[in-house]
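Going line by line, the protein sequences match chains L and B. Okay, so the first sequence: first residue is 8 according to this note's numbering, each after it adds one. Okay, so the second sequence: first residue is 71 according to this note's numbering, each after it adds one.
Be aware that a few hints might be false.
Claimed, not checked - Mimicking PhoX-like on lysine-lysine, the simulated pairs with C-alpha atoms at most 25 Å apart in a straight line are:
1. B:K218 to B:K169
2. L:K136 to L:K60
3. B:K88 to B:K310
4. B:K218 to B:K205
5. B:K169 to L:K136
6. L:K216 to B:K283
7. B:K310 to B:K337
8. B:K88 to L:K216
9. L:K213 to L:K136
10. B:K169 to B:K205
11. L:K216 to B:K337
12. L:K213 to B:K185
13. L:K216 to B:K169
14. B:K218 to B:K283
15. B:K205 to B:K185
16. B:K218 to L:K136
17. B:K185 to B:K310
18. L:K60 to L:K258
19. L:K213 to B:K310
20. B:K205 to L:K213
No lab work stands behind these hints, which were simulated from the structure alone.
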Amino acid sequence: MEWWKSFPAMDDLRLTEIKKAIDSGFLQFTRTYGVVIEDFFAPLKSFLIWSEKLAITTPWPIVVLVFSAIAYASTRSWRIALGTTVGFCLIGYLGMWEDAMKTVSMIFASTLVSIALGLPVGILMSRYKWLRVSVTPVLDVMQTMPTFVYLIPVVMLLGIGKVPGLIAVVIYALPPVIRLTDLGIRLVDAEVLEAADAFGSSPWQKLVKVQLPLALPTIMAGINQTIMMALAMVVVASMIGVQGLGQPVLKAIANQYFTLGLFNGLAIVAIAIIFDRISQAFGRRLQNVRGHEQ
Amino acid sequence: MSGLAIEIRHLYKLFGGKAGNLIALAESGLGRAEMLSAHNHVLALSDINLHIESGRIQVIMGLSGSGKSTLIRHINRLIDPTSGNVLVGGTDVTRLSVKELRQFRREATAMVFQKFALLPHRTVLDNVVYGLEIKGVARAEQERHARKWIDRVGLGGYERRLPSQLSGGMQQRVGLARALCNDAPILLMDEAFSALDPLIRVDMQSVLLDLQKEIRKTIVFITHDLDEALRLGDRIAILKDGLIVQNGTPEDIVLTPADDYVSAFVKEVNRGRVLTLSSVMRAGEPAQSPLGLTADLTLEEALSRMIAADASEAAVLSTDGVLLGRVRFTDIVAATLRTSVGTDAGLPVFAHTGCLRGSHTVSV
Ligand SMILES: Nc1ncnc2c1ncn2[C@@H]1O[C@H](COP(=O)(O)OP(=O)(O)OP(=O)(O)O)[C@@H](O)[C@H]1O
Ligand SMILES: [Mg+2]
């Protein structure tokens, strides 16, 4: 009755062998293709460097002004615009300007990459049911797999730095854009689509002139979630060499610097709130323009 | 562009997963009720045969669920038939490739939808240009046409509004302008005027009739309003449970309804506007009146002319002036009121007594 009391597991030796085999297989793969993959991501790397440089070298008053203006333009609320100004000024005054800019540029880049990947995938998913059926579980894995687990192969492949950091962030933050693009397109009124068909729209015309515009508020909700999830990854990403507000937090944990951790944490929160309000208000305004809420 | 003839042959539409297998049953005569109870499929259309001449207005009437919308959607193949053919201007629409079908819809048809189906994110102007935009017409040209039709349906000044900012009737007129702007030889109108108030409705009917005088389009028009059907239709087809029970001229439908279902539709009709003198005149009798009226006048028009001339009877003439017979004022009034005058031959005997009313809608 031994098997009844403890689970009849594979014997340790064979289990270790299997794990070793997989590990060495992957290692082999990284050795052979590491360079190729790195080259593949080279354009992404220069884009990341460029956007970080832009964020850091732009004089701070201009950055504050631009963000406050965007906040006002999208929300039409002086309160949020003022909050944005104050938030950024406080971050700068407390000595976190450069780190904050690095984080902002990282968020910007990973959001762009997520949209660039997520939008087409979402569109295709809405069109082909088999694709939706096969991509959905992948998205579930991306969202629920503990982040540290997929950091391992990413680091093995690409080492430590901006690109692996961005990939980790994108893996975590990509699913909402895909899901909500797919959903938004499928929610478009069948009668409106029928009218588009009746006038002889091609699939592309239908997508660009009808489906995407009508799905836009939903897609914006996805982008908002993506931005928030990317910000949530800032500290984790700093473990694999992404610079920004995450690194001081990491240092604070290691050395028990409470105030350092708190300040940088609050800076992340402030940026999150600002980005959230801006992108949400933008989505809402799109909806209002379409008259769903008037 | 002037019209194209439409020919519908042995058209069946069965909704449900196994339509392909079950269609043989429908073709061998299984009815809608049995199809639903025994096989859980909806037989929406059953052996529809309809010839619509080019440049004519074909009205389709029938109770809710009788298959009108399904039928009209077969003409531009928004719905694929389960079996049967739809020929437009000689081409079989059911055999067009995807690309040909797209071209056919762009060039040959325009549609007004029962539920408007406007593009909610586009302004009135951008909705109306949609068909031309899809065809690749230059923007200035699109707008020129669109503004003309927006004005014609009485929405001038609303170009920049969104559909959600308009009333139901205004939205429906946007749908109308959008279809007319496309300038297609075939117009498919699914309850296109149903949301309009009576005054605007009559105005829109006139738009359509005026249009027919200039450029004769082939129009398929679904309505629940008998007066509208009689005013617009060159022919009226009555659908019942997916079958055409009668298809004829307005006068045919009113004078000789095929069954009780059709009679129910025409019961409340304003006969004075449908019947012509030819149906009430006493043929061959000599006329003693100096007043001559042509046989194709409606009873209403004939009455008002006789009143104007203070005549109690009139001679009935053919359009080229040949004397056909005579008609008495009381004959016309009796026919209008559906009362029998009794004695004389040559007069239809009317069973019911109704009264002359302005407008009736068959409620369904
Ligand atoms: N996509 C569909 N799937 C299943 N059944 C359908 C579908 N479309 C229509 N039907 C059925 O076909 C029948 C005819 O519907 P249709 O819309 O043509 O009626 P209608 O004459 O236009 O009615 P109304 O006057 O209410 O507009 C109805 O019984 C309806 O339930
Ligand atoms: Mg209908």
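Cross-check of the supplied hints:
no.	hint	result
1	B:K218 to B:K169	violated (30 Å)
2	L:K136 to L:K60	violated (42 Å)
3	B:K88 to B:K310	holds (24 Å)
4	B:K218 to B:K205	holds (18 Å)
5	B:K169 to L:K136	holds (23 Å)
6	L:K216 to B:K283	violated (35 Å)
7	B:K310 to B:K337	holds (17 Å)
8	B:K88 to L:K216	violated (35 Å)
9	L:K213 to L:K136	holds (18 Å)
10	B:K169 to B:K205	holds (13 Å)
11	L:K216 to B:K337	violated (47 Å)
12	L:K213 to B:K185	holds (19 Å)
13	L:K216 to B:K169	holds (19 Å)
14	B:K218 to B:K283	holds (18 Å)
15	B:K205 to B:K185	holds (24 Å)
16	B:K218 to L:K136	violated (43 Å)
17	B:K185 to B:K310	holds (22 Å)
18	L:K60 to L:K258	holds (24 Å)
19	L:K213 to B:K310	violated (35 Å)
20	B:K205 to L:K213	holds (13 Å)
Checked against the numbered hints given earlier, this structure breaks hints 1, 2, 6, 8, 11, 16 and 19; the rest are met.
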